[in-house]
Amino acid sequence: MKIVVFAPHPDDEIFGCGGSILKWMDEGYDVHIVYVTDNC
Numbered sequence: 001m002k003i004v005v006f007a008p009h010p011d012d013e014i015f016g017c018g019g020s021i022l023k024w025m026d027e028g029y030d031v032h033i034v035y036v037t038d039n040c
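Residue numbers (the working numbering): 1 to 40.
Since the hints were derived computationally from the structure, they do not count as laboratory data. Keep in mind that the hints are not guaranteed to be accurate.
Said to hold, decoys possible - Straight-line Cα separation of at most 16 Å, EDC-like style, residue types lysine to aspartate or glutamate; simulated pairs: (1) 2 - 38; (2) 23 - 13; (3) 2 - 26; (4) 2 - 30.
With the hints as constraints, model all of the structure from the sequences given.
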C-alpha cells in the first residue's frame, strides 16, 4: 500500500504524525511526504 502525507511546512509531518509514519514504514508501507508551502 502507498501512503501520502501532506504537510504545510517541513517538519510538520513529524510533529503531527511522526509515530504513525514510523509505524507504517515498519509495516512495509511505501510512505511519501509532500510539502505544500510557499516558504513565506
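Restraint check for residue 2 with residue 30, where alpha carbons must lie at most 16 Å apart:
Satisfied, since the Cα-Cα distance of roughly 5 Å is no more than 16 Å.
Check whether the Cα positions of residue 2 and residue 38 lie no farther apart than 16 Å.
At roughly 26 Å apart (the allowed maximum being 16 Å), residue 38 and residue 2 break the hint.
So if I understand the rule, the pair passes when the alpha-carbon distance is 16 Å or less; does residue 2 with residue 26 pass?
Satisfied, since the Cα-Cα distance of roughly 13 Å is no more than 16 Å.
Take the C-alpha atoms of residue 23 and residue 13, compute the straight-line distance between them, and say whether it is at most 16 Å.
With a Cα-Cα distance of about 14 Å, the restraint between residue 23 and residue 13 holds, given a limit of 16 Å.
When held up to the earlier numbered hints, the structure conflicts with hint 1 and nothing else.
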